[in-house]
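Full structure from sequences and hints, please.
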Amino acid sequence: MVMIIRLNILSLVFVAALPGAVYSAGDPAPPETLAISAYEQGREQARSENWDRAAALFQSVVEKDGQDYRALNMLGYSLRQIGRLADSLAAYDRALSIKPDYAPALEYRGVTLLKSGNRRAALADYRALVRLGSPLAADLKEALDRAAKN
Numbered sequence: 000m001v002m003i004i005r006l007n008i009l010s011l012v013f014v015a016a017l018p019g020a021v022y023s024a025g026d027p028a029p030p031e032t033l034a035i036s037a038y039e040q041g042r043e044q045a046r047s048e049n050w051d052r053a054a055a056l057f058q059s060v061v062e063k064d065g066q067d068y069r070a071l072n073m074l075g076y077s078l079r080q081i082g083r084l085a086d087s088l089a090a091y092d093r094a095l096s097i098k099p100d101y102a103p104a105l106e107y108r109g110v111t112l113l114k115s116g117n118r119r120a121a122l123a124d125y126r127a128l129v130r131l132g133s134p135l136a137a138d139l140k141e142a143l144d145r146a147a148k149n
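Reminder that position 18 of the sequence shown reads as 17 in numbering that gives the first Met the number 0, one-by-one numbering, no gaps.
Please note that the accuracy of each hint is not assured.
In silico lysine-lysine, BS3-like type, Cα no more than 25 Å apart, as pairs [claimed, not checked]:
#1 Lys-114 to Lys-148
#2 Lys-98 to Lys-148
#3 Lys-114 to Lys-98
#4 Lys-140 to Lys-114
#5 Lys-114 to Lys-63
Please keep in mind that the hints were generated in silico from the structure rather than gathered at the bench.
Here it is as structure tokens:
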């Protein structure tokens, strides 16, 4: 009797593991894994300062999920690094239209606005970060102060 119960339990464990086994080595990953993978690959490329490749990877994530505010934020950051400031601002604006209180996008957009010569709009992003109580406000404040000295 105990042996039958153990076999039944093992059978249940095996059956429960089957859905994951569908995506074994050599098979394409499930779509949600691909999106995460492209995002993580983009972050790795950004860490290595391969900005064009990072931008392409983040763009591919956004094409799959236009609501991914994290990918839009990192797309904006990557585009800023290669000098495409207008495209960078558009990506940040899109990220913030999805999640208006996303502090990293507010800070990065503020820096990009400064680089574009729009100190007033950068100050507005700084104030938004202060209202949110974000520690990123200090980073944007530092950038604002540096820009004021130049």
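Consistency of the hints with the structure:
Between the alpha carbons of Lys-114 and Lys-148 the distance comes to roughly 14 Å, so the proposed pair stays at or under 25 Å and holds. Only pairs whose Cα atoms come within 25 Å are accepted, and Lys-98 paired with Lys-148 is rejected, the gap being roughly 32 Å. For the hint linking Lys-114 to Lys-98, the alpha-carbon distance of about 23 Å falls within 25 Å, and the restraint holds. Under the criterion of a C-alpha separation no larger than 25 Å, the hint pairing Lys-140 with Lys-114 is consistent with the structure, at around 14 Å.
Proximity of Lys-114 to Lys-63 is assessed by CA-CA distance (about 30 Å); at most 25 Å being required, the pair is judged violated.
Hints 2, 5, counting from the list given before, are not met by this structure.
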